[in-house]
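All chains, please: the whole structure from these sequences, using the hints.
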Amino acid sequence: MEPVDPDFYRIGYVRSMRAYGVDFKEGPNGFGVYASKDVEALRRPRVIMEIPLELMLTISKKLPWMFFPDIIPLGHPIFDIINSTDPETDWDLRLACLLLFSFDCKDNFWQYYGDFLPSEDECTSLLLATEEELLELQDPDLASKVRFQQQRALEFWKKNWHSDVPLKIKRLAREPQRFIWAVGIAQSRCINMQMRMCALTQEANMLIPYAGQDA
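Just so we're aligned, residue -7 is where the sequence shown starts under the working numbering, counting upward by one.
Rather than coming from a laboratory, the hints here were simulated on the basis of the structure. These numbers were taken from a predicted model, which means no experiment stands behind them.
With a Cα cut of at most 20 Å, we get these calculated EDC-like pairs of lysine to aspartate or glutamate:
id, residue 1, residue 2
1, Lys162, Asp72
2, Lys160, Asp72
3, Lys29, Glu18
4, Lys137, Glu147
5, Lys53, Glu80
6, Lys53, Asp82
7, Lys98, Asp62
Label pairs and their calculated CB-CB ranges:
id, residue 1, residue 2, range
8, Gly13, Gly106, 24 to 30 Å
9, Asn75, Arg35, 43 to 49 Å
10, Glu46, Thr116, 25 to 31 Å
11, Gln103, Val(-4), 15 to 21 Å
Where is the CB? At the ideal position from N, CA and C, for every residue including glycine.
Below is the structure:
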């Protein structure tokens, strides 16, 4: 394992992200979080990382959709796409849209952090598995569920990234694999949490940086 690029720390530290007693390292399987030294087991939990809410991508779980930070300009078509999702089941599609949009926002944290996310070839999400890889799974029920999720994401992309969409939408995911990748990233890095948004206490889906199955 090798120390990560200093920019991996820098883009977070300048925005008040903090890590205590841990190092980020990179290996053939991606990034990982490691203790910087041996520590004794403690009865009390200890804080090893602080990630400001402003660095997370957050959307309320129920209508009306509320975002924090509120990065979507009034009237932007990405909101219409998010608004077309099923409130009960499509949390990952909404977060994927928000993630792709954040990559397109100048000086947004995720525009920089995206360079450290696993690429489509590196991402371990089964959503990106080929049919040959799915056939190798020992669990046919799991393979069937993955195919359903792949088709679900593909149909959503076809519906909303057709040839007539404006460039500001088209450039977010020119190919279906890009959108399916974003869904996989959202699924591996989301937590559900209660928080205050627009003076209301809301259940929210939150996309967390510096965390995930392959960092």
